[in-house]
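Spelled out, the chains give:
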Amino acid sequence: MSEHELGDDLTTLEARLRKWAPVPSRIERDRLIFEAGKQSVNADRNRFSWPLATVASILAAGLLGVSWDAERGRRHALEHELATFRPGVDPAPSAPARPVVFAAEPSSYLALTRSIRVFGELMLAPEGQNGPRGPFSHPNHEPCTLRSGSREFSMEL
Amino acid sequence: MIGPERLGAIFDAHAANLVLFARQWCDGTTAEDVVQEAFLSLAKQSEAPVEVAAWLHRAVRNGAVSAFRGKTRRQRREGAVAVGEACFARTDDQIDAREATRLLEGLPPENREVIVTRTWGGLSFDQIGRLQGCSTATAFRRYREGLALLQERMGRPCPNTNSATT
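Chains as they are written, first to last, in this note's numbering: chain B, 107 to 263; chain F, 1382 to 1547.
Chain B on its own, in the form it takes in the complex (with noise of 0.2 Å):
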C-alpha cells in the first residue's frame, strides 16, 4: 500500500481536475526568449569580472610576498655583515670631519662661543687681521685669552 493513498472518491476528483486546464498565459513566448537571451549574454560577461579580479588580486599578492621575502633576505644579510664588522681593523680610517667654521664678526657672539667651544678659551684676534680691535684686546697686540681667574679683563668685560 503507498504511503499517500487517496480514497476512491477522492482519486476520482483529482483525475477529474487534471482535466481541467489553467487559461494560457498572455506572455509572449518569443519576446521572454529574446529577452531571456539578451540578459544571459550580459550576465555573462560580468561573469568573468569576478573570477578575474581574484586572480589579479592573488597575483599582487603573490608578487608583494616575493618581494617582501627578497627584502628580508637582504635586511638579514646586511644585519649579519653587520654583526660580524670590526672596527679595530678597519684598514683606512676615515679622517676626523672637521667641524664647519662659517665666516662671521670676529667680535660677534657666535664667533666668541665659537671660539670658546673649538679652543676652550676665549680668544681675542689683533686688531686688522680678523677684524676690529674690541675693548677686550691686549696691549702688546698678542691675542689674549680671557680667564676667569683675569681680574684685568674680567673688569673690562
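I should point out that these hints are in silico values taken from the structure, not numbers from a laboratory.
Even glycine gets a Cβ: it sits at the ideal position worked out from N, Cα and C.
Treat the hints loosely; a few may be bogus.
A short, non-exhaustive set of chain B residues, derived as facing chain F with CB atoms under 10 Å [claimed, not checked]:
hint : residue
1    : VAL129
2    : ILE139
3    : LEU188
Using 25 Å as the maximum straight-line C-alpha spacing, the simulated SDA-like pairs for lysine to any residue come out as follows [said to hold, decoys possible]:
hint : chain 1 : residue 1 : chain 2 : residue 2
4    : B       : LYS144    : F       : LEU1421
5    : F       : LYS1425   : B       : ARG181
6    : B       : LYS144    : F       : GLU1466
Which chain F residues stay away from chain B? Per the calculated CB distances, all over 12 Å, these [as the list claims (entries may be wrong)]:
hint : residue
7    : PRO1385
8    : LYS1425
9    : ARG1439
10   : VAL1446
11   : SER1447
12   : LEU1512
Given chain B's structure and the hints, the job is docking chain F onto it.
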C-alpha cells in the same frame, strides 16, 4: 546555460500552470509579470537547476508573495477591490470555468497551494513540502484535506444558482 530551445520547451510546459499558481496571491497581469521574471531569472542561471519545475515554482512563489504584499498595501491605501477572473480555459461538463475558479479560491490557502502545485504543476509531495516549508506528510495531508473540501463543495449546489432559481 539554458538554450532558447530548452527555455521555450520549459515555457510551453509550465507557463500556464505557473500563472495559475501565482494567481493565488495576485491578479492575472501581475501573475504574468511574476512568471516572466521567473523565466528571465532562470535564463540567467549559469547552470540549469536539477528540478526546473520546483525551481520555477519557488521563484514564482517568492515573486508573487512580494507582489501580494505590495498590492495589499496599495489596496489598503486606495481602497480598491480585485475583480475575479476565470483561471481555467477548459473544465468538464459538470462545472463551468468561473465556478471552478470560485471553488478553488474558496479553499484555505495552504490546501489550495498544494492542490495547484500537485495537480497542474506536477510537483511531488516532497517538492511541495520543501516549497511550503513543511514535511512531505504535512503536504499530503493538506492535499487530501483540500480535495475533500473541494468534493464537499462541488457536491453542494452553488449558492448563487440556488438564490436565482428560488
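Structure-based check of each hint:
no., hint, in the structure
1, VAL129, "holds, 5 Å"
2, ILE139, "holds, 5 Å"
3, LEU188, "violated, 58 Å"
4, B:LYS144 - F:LEU1421, "holds, 10 Å"
5, F:LYS1425 - B:ARG181, "violated, 53 Å"
6, B:LYS144 - F:GLU1466, "violated, 33 Å"
7, PRO1385, "violated, 5 Å"
8, LYS1425, "violated, 5 Å"
9, ARG1439, "holds, 18 Å"
10, VAL1446, "holds, 19 Å"
11, SER1447, "holds, 19 Å"
12, LEU1512, "holds, 16 Å"
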